[in-house]
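Participant: Spelled out, the chains give:
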Amino acid sequence: MTPLQIIFIIVAVITLFAAIKVVSSRNLVHAALWLILVLFGIAVFFVILSAGFFAAAQVVIYIGAIAILMIFTIMLTRRVARDSGAQHNSNWWAAAVLSLLLFTGLSWILSRWQGFQSTAQPMLESADPLRQLGEGLVAPGGYLIPFEVASILLVAALIGAITVAWERK
Amino acid sequence: MGDPVTLIAKWFEGVLQGWGLNEDATLVVMNLIGVIVIIAFVMIIDIFLVWVERKVVARFQDRIGPNRLGPFGLIQPVADIIKLLIKENIYPKGIDRFIYNLAPLFGLFPVLLIWAVIPLSPTTIGSDINVAVLYLVATGAFISLGIIMAGWASNNKYALLGAFREVAQMISYEVPMVISLLIPVIMARSMQLSQIVQSQNIWYIVGAPLAALIFLISSIAELGRAPFDIAEGESELIAGFHIEYTGMKFGMFYAGELLHALAVGGIFSSLFLGGWRGIGAESFPIIGMFWFFIKAYFIYWVIMWVKYTFPRIRIDEMLNFNWKFLTPISLVILMVTAVLDKLMTGYPPLVYFGVMLVANLLIGWIIVVLLRRNVKVEAPKVAEPRPIARPDGAPPVPAGASSSITSQS
Chain A
1 MTPLQIIFII
11 VAVITLFAAI
21 KVVSSRNLVH
31 AALWLILVLF
41 GIAVFFVILS
51 AGFFAAAQVV
61 IYIGAIAILM
71 IFTIMLTRRV
81 ARDSGAQHNS
91 NWWAAAVLSL
101 LLFTGLSWIL
111 SRWQGFQSTA
121 QPMLESADPL
131 RQLGEGLVAP
141 GGYLIPFEVA
151 SILLVAALIG
161 AITVAWERK
Chain B
1 MGDPVTLIAK
11 WFEGVLQGWG
21 LNEDATLVVM
31 NLIGVIVIIA
41 FVMIIDIFLV
51 WVERKVVARF
61 QDRIGPNRLG
71 PFGLIQPVAD
81 IIKLLIKENI
91 YPKGIDRFIY
101 NLAPLFGLFP
111 VLLIWAVIPL
121 SPTTIGSDIN
131 VAVLYLVATG
141 AFISLGIIMA
151 GWASNNKYAL
161 LGAFREVAQM
171 ISYEVPMVIS
181 LLIPVIMARS
191 MQLSQIVQSQ
201 NIWYIVGAPL
211 AALIFLISSI
221 AELGRAPFDI
231 AEGESELIAG
241 FHIEYTGMKF
251 GMFYAGELLH
261 ALAVGGIFSS
271 LFLGGWRGIG
281 AESFPIIGMF
291 WFFIKAYFIY
301 WVIMWVKYTF
311 PRIRIDEMLN
321 FNWKFLTPIS
331 LVILMVTAVL
341 DKLMTGYPPL
351 VYFGVMLVAN
361 LLIGWIIVVL
371 LRRNVKVEAP
381 KVAEPRPIAR
391 PDGAPPVPAG
401 ASSSITSQS
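Heads up: the protein sequence lines correspond to chains A and B, in order.
If you're matching positions, the first sequence starts at 1 in my numbering and goes up one per residue.
If you're matching positions, the second sequence starts at 1 in my numbering and goes up one per residue.
In case anyone wonders, no lab produced these hints; they're calculated from the structure.
Check before you lean on any hint, since a few could be wrong.
[As the list claims (entries may be wrong)] Dumping the calculated DSSO-like pairs for lysine-lysine here, alpha-carbon to alpha-carbon at most 30 Å:
no.	chain 1	residue 1	chain 2	residue 2
1	A	Lys21	B	Lys324
2	A	Lys21	B	Lys307
3	B	Lys307	B	Lys55
4	B	Lys307	B	Lys324
[To be verified] Over 10 Å on every C-beta distance to chain A, these chain B residues come out as not near it, computed from the model:
no.	residue
5	Gly20
6	Leu27
7	Ile75
8	Asn89
9	Leu134
10	Ser144
11	Gly278
12	Lys307
13	Leu319
14	Val336
[Unchecked claim] Cβ-to-Cβ under 8 Å is the rule here; a few derived chain B residues that face chain A:
no.	residue
15	Val28
16	Val137
17	Gly140
18	Ala141
19	Leu145
20	Ile148
21	Trp152
22	Val167
23	Glu317
Please read all numbers here as calculations on a predicted model, not as lab measurements.
All C-beta atoms, glycine included, are put in the ideal place defined by N, C-alpha and C.
Build out the structure end to end from the sequences listed, making use of the hints.
Facilitator: This is how it looks when you write it as structure tokens:
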């Protein structure tokens with residue numbers, strides 16, 4: 001095994017364990033912190049796949065903004081962090097069967113895919129993935145229109161949020 | 001010669017391969033050693049920073065500062081550390097013990113992560129990643145995470161309030177900071193810090209003085225240092241999020257803050273002051289390290305200068321200043337810089353930087369004009385009575401009551 005594979009296995013085990021803890025821990029703040037560990041594990045996967053930009057963006061957006069926002073909402077909501085009711089209702093077996101089916105289905109599809117067994121191509125030394133990503137996003141031949149549509153959507157959401165929060169005097 | 005770091009690394013790599021390690025194992029061992037060396041190096045600087053901080057504060061406040069232990073009190077930080085280590089470890093009631101113990105680590109390790117990407121000299125850099133600027137922003141996420149963990153796990157309302165304030169401040173000031181970080185990126189056409197330093201034949205502070213200023217201000221706010229230290233406003237919150245921490249756990253937060261301040265100095269000098277560039281740095285990389293630390297310490301000194309000169313600002317002033325002043329300005333500068341950069345490609349650097357400087361001065365002048373026009377509108381608001389928190393059912397305060405209170409006292 002290469003060192004990269006060892007790192008992958010360690011990180012995968014930690015990420016899966018943290019993912020289970022997210023849904024099973026009783027304290028909501030703990031669940032949020034476990035979720036941060038899951039998100040960080042995914043950032044490490046991006047690093048292993050030599051996608052540094054996505055790793056940094058994952059940490060900035062998910063841990064720096066979304067997770068902090070979730071912790072804020074949990075802390076500002078009264079007593080929600082100390083819920084002591086049952087953790088599942090009577091339909092748990094249906095959910096278990098469904099998720100098992102989904103898992104086997106996904107594994108079956110992936111195992112039939114040719115890329116599953118082949119080793120990854122080494123990245124070209126000269127290529128700068130960051131530059132290629134930027135050009136792909138804004139070049140006329142690339143994904144310019146989806147990119148601009150997404151930007152307009154985000155600006156609209158921003159203005160909408162301001163309008164909702166606006167206090168008219 | 002002139003590059004002992006690479007020399008030692010090369011020699012040690014040879015030794016490891018002489019022992020029969022294959023290439024992969026050598027790489028892993030060398031990387032581990034690199035991590036340990038960088039951490040040890042900056043932690044030793046950190047010990048020294050405690051002394052620098054105390055000595056400079058003392059000078060700003062017309063005192064002498066530590067002067068009993070060793071020459072100029074140089075052994076004082078060692079005594080401080082011994083004191084912190086042997087202090088009693090207090091666990092308050094009702095804390096979340098695991099998170100409480102984890103939080104101080106988050107106070108220090110993100111700062112160590114910052115040092116991994118800063119080029120100390122042409123050849124000495126922890127990890128020369130191509131998204132270094134974004135990585136610097138990402139480390140800030142962990143710092144705010146540690147603060148909120150400390151505040152929540154302490155089971156103390158002052159700690160929680162302090163953490164809320166600090167994190168709100170950090171997320172807000174991240175916006176102008178990131179935007180002003182983009183301006184050196186535009187000029188260098190790279191997010192790689194070594195590339196940014198390499199392309200600064202003229203320091204970027206010449207072409208982007210406003211961006212540099214905004215970066216410095218928002219970095220001070222990220223640090224949570226005065227005048228942005230409302231998170232630990234002693235008269236309101238006692239000590240903020242680290243109120244319940246004793247001994248070395250408090251020491252971790254303190255060391256993290258000091259090292260973060262120097263790291264901001266390092267980032268600033270790499271982005272705007274040419275990093276390790278200076279006389280003789282190209283041929284003797286070790287001199288580059290000297291220049292780098294001169295610049296980093298200068299910015300660190302400026303941060304201390306600001307800290308001990310300005311009074312603390314209120315939380316509403318802090319948020320208004322960020323959202324209504326710094327963020328719009330940084331957006332305007334970003335747009336102007338991007339357009340000018342596209343127009344000025346191909347011109348000699350002197351013309352390029354001259355035009356950039358003129359554009360910055362123009363924007364600065366417009367800002368000053370706008371501020372002067374608005375100050376007349378803002379002035380009467382200061383005299384208006386502020387809302388006062390009163391118990392439910394209490395009779396409303398009659399008009400002019402505030403003046404009677406002042407006359408009684």
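Participant: All hints are to be evaluated individually against the structure, with a verdict given for each.
Facilitator: Outcome of the hint check:
With a CA separation close to 41 Å, the supplied pair Lys21 (chain A) and Lys324 (chain B) exceeds the 30 Å bound. Restraint check: the Cα-Cα separation between Lys21 (chain A) and Lys307 (chain B) comes to about 43 Å, which exceeds 30 Å; the hinted pair is violated. Restraint check for Lys307 (chain B) and Lys55 (chain B): satisfied, since their Cα atoms lie roughly 14 Å apart, inside the 30 Å limit. At roughly 23 Å between alpha-carbon atoms, Lys307 (chain B) and Lys324 (chain B) fall within 30 Å of each other, so this suggested pair holds.
No Cβ of chain A approaches the Cβ of Gly20 (chain B) within 10 Å, the least distance being about 17 Å, so the stated non-interface status holds. At the 10 Å boundary, the C-beta of Leu27 (chain B) falls inside the reach of chain A, the nearest C-beta of that chain being 8 Å off. The Cβ of Ile75 (chain B) lies farther than 10 Å from every Cβ of chain A, with a closest approach of about 39 Å, so its non-interface assignment holds. With 10 Å as the threshold on Cβ separation, the claim that Asn89 (chain B) sits away from chain A holds: the shortest Cβ distance comes to roughly 23 Å.
Separation of Leu134 (chain B) from chain A is inadequate, the least Cβ-Cβ distance of about 4 Å not exceeding the 10 Å criterion. Not every CB of chain A is more than 10 Å from the CB of Ser144 (chain B) (nearest about 6 Å), against its label as outside the interface. For Gly278 (chain B), the requirement that its beta carbon stay farther than 10 Å from each beta carbon of chain A is met, with the minimum near 28 Å. Taking the minimum C-beta to C-beta distance to chain A, about 25 Å, the non-interface status of Lys307 (chain B) holds against the 10 Å cut.
The claim that Leu319 (chain B) lies off the interface holds: its Cβ sits roughly 14 Å from the closest Cβ of chain A, which is beyond the 10 Å cut-off. The non-interface label for Val336 (chain B) is consistent with chain A: the shortest C-beta to C-beta separation is roughly 19 Å, beyond 10 Å. Taking 8 Å as the C-beta cut-off, the interface hint given for Val28 (chain B) holds, the closest approach to chain A being about 5 Å. Hint on Val137 (chain B) holds. Least Cβ distance to chain A is approximately 5 Å, under the 8 Å limit.
A hinted interface residue such as Gly140 (chain B) counts as satisfied when its beta carbon comes closer than 8 Å to some beta carbon of chain A; here the least separation is about 7 Å, so the hint holds. At its closest, the beta carbon of Ala141 (chain B) sits 3 Å from a beta carbon of chain A; the interface hint therefore holds under the 8 Å criterion. Taking 8 Å as the C-beta cut-off, the interface hint given for Leu145 (chain B) holds, the closest approach to chain A being about 7 Å. Interface restraint check for Ile148 (chain B): the shortest CB-CB distance to chain A comes to about 6 Å, inside 8 Å, so the restraint holds.
A least Cβ separation of about 6 Å between Trp152 (chain B) and chain A falls short of the 8 Å threshold, and the interface hint therefore holds. Interface hint status for Val167 (chain B): upheld, as the beta-carbon distance to the closest one in chain A is roughly 6 Å, under 8 Å. A least Cβ separation of about 19 Å between Glu317 (chain B) and chain A goes past the 8 Å threshold, and the interface hint is therefore violated.
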